[in-house]
Amino acid sequence: MSTPVPVTPEVPTAAPVSESVWKRITGFFHAAGHLVSEAFIALFGKDAAIHFAAASIAMLKTTVGQIAMGAVTEAAKVASGVEAHKIAFSTVLSEIEKLGLAAKDSEINMLIELALQAVKGKFGSLPV
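All letters in the sequence shown, in the order written, are residues 24 to 151 by this note's numbering.
Hint data in this document are derived by calculation from the structure and do not stem from the laboratory.
Ideal Cβ placement from N, Cα and C applies to all residues, glycine included.
Certain hints may be false.
[As the list claims (entries may be wrong)] Restraint-style ranges between C-beta atoms, simulated for each label pair:
{"id": "1", "residue 1": "Glu120", "residue 2": "Asp70", "range": "32 to 40 Å"}
{"id": "2", "residue 1": "Leu66", "residue 2": "Asp128", "range": "22 to 30 Å"}
{"id": "3", "residue 1": "Phe67", "residue 2": "Glu130", "range": "15 to 23 Å"}
{"id": "4", "residue 1": "Lys100", "residue 2": "Asp70", "range": "36 to 44 Å"}
{"id": "5", "residue 1": "Asp128", "residue 2": "Glu97", "range": "14 to 22 Å"}
{"id": "6", "residue 1": "Ser129", "residue 2": "Leu66", "range": "14 to 22 Å"}
{"id": "7", "residue 1": "Ala77", "residue 2": "Asn132", "range": "16 to 24 Å"}
{"id": "8", "residue 1": "Met82", "residue 2": "Ser117", "range": "18 to 26 Å"}
{"id": "9", "residue 1": "Lys69", "residue 2": "Glu120", "range": "33 to 41 Å"}
[As the list claims (entries may be wrong)] Here are the simulated lysine-lysine pairs, PhoX-like style, with alpha carbons at most 20 Å apart:
{"id": "10", "residue 1": "Lys143", "residue 2": "Lys84"}
{"id": "11", "residue 1": "Lys100", "residue 2": "Lys143"}
{"id": "12", "residue 1": "Lys84", "residue 2": "Lys121"}
{"id": "13", "residue 1": "Lys143", "residue 2": "Lys109"}
{"id": "14", "residue 1": "Lys109", "residue 2": "Lys121"}
{"id": "15", "residue 1": "Lys109", "residue 2": "Lys127"}
Make the full structure from the sequences, and use the hints.
Structural data, given as structure tokens:
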């Protein structure tokens with residue numbers, strides 16, 4: 024007798040972000056234990072930092088993650104700071120609504136922050 028395996032729906036991905044962005048992100052997640060800031064590790068522990076890194080890359084590879092990456096990239100071309108955030112937020116919200124999805128403001132803000140850090144290459148630095 025076999026145990027049924029739960030099926031998780033596959034989320035389609037959007038057009039890929041530039042290879043250099045993914046290369047930086049993938050490099051970060053490959054060595055997540057070294058690249059997450061020491062402050063982050065001190066707050067949450069190394070195991071949590073590694074899991075956070077893996078979950079973050081998975082989120083950014085989804086359709087909604089790709090939308091956020093594009094929104095952040097485009098917003099940075101025309102504005103900065105709070106104004107860029109407003110543009111990115113509006114874009115993400117509009118695009119996910121077109122997909123028939125809904126998200127809380129906090130979820131969109133979290134995704135924008137992850138995308139911003141990925142685009143800026145600010146996930147951390149390699150140890151010396």
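To see whether the hints hold, each was checked on the structure:
1. Glu120 with Asp70: 32 to 40 Å: Once the Cβ atoms are compared, 36 Å apart, the range 32 to 40 Å for Asp70 and Glu120 holds.
2. Leu66 with Asp128: 22 to 30 Å: Since the Cβ atoms of Leu66 and Asp128 sit about 24 Å apart, the hinted range of 22 to 30 Å holds.
3. Phe67 with Glu130: 15 to 23 Å: Distance hint for Phe67, Glu130 holds at roughly 20 Å.
4. Lys100 with Asp70: 36 to 44 Å: holds (37 Å)
5. Asp128 with Glu97: 14 to 22 Å: holds (20 Å)
6. Ser129 with Leu66: 14 to 22 Å: Between Ser129 and Leu66, where Cβ atoms are some 19 Å apart, the hint holds.
7. Ala77 with Asn132: 16 to 24 Å: holds (21 Å)
8. Met82 with Ser117: 18 to 26 Å: holds (19 Å)
9. Lys69 with Glu120: 33 to 41 Å: holds (38 Å)
10. Lys143 with Lys84: With a Cα-Cα distance of about 17 Å, the restraint between Lys143 and Lys84 holds, given a limit of 20 Å.
11. Lys100 with Lys143: holds (13 Å)
12. Lys84 with Lys121: holds (18 Å)
13. Lys143 with Lys109: holds (18 Å)
14. Lys109 with Lys121: holds (18 Å)
15. Lys109 with Lys127: The hint holds at about 15 Å.
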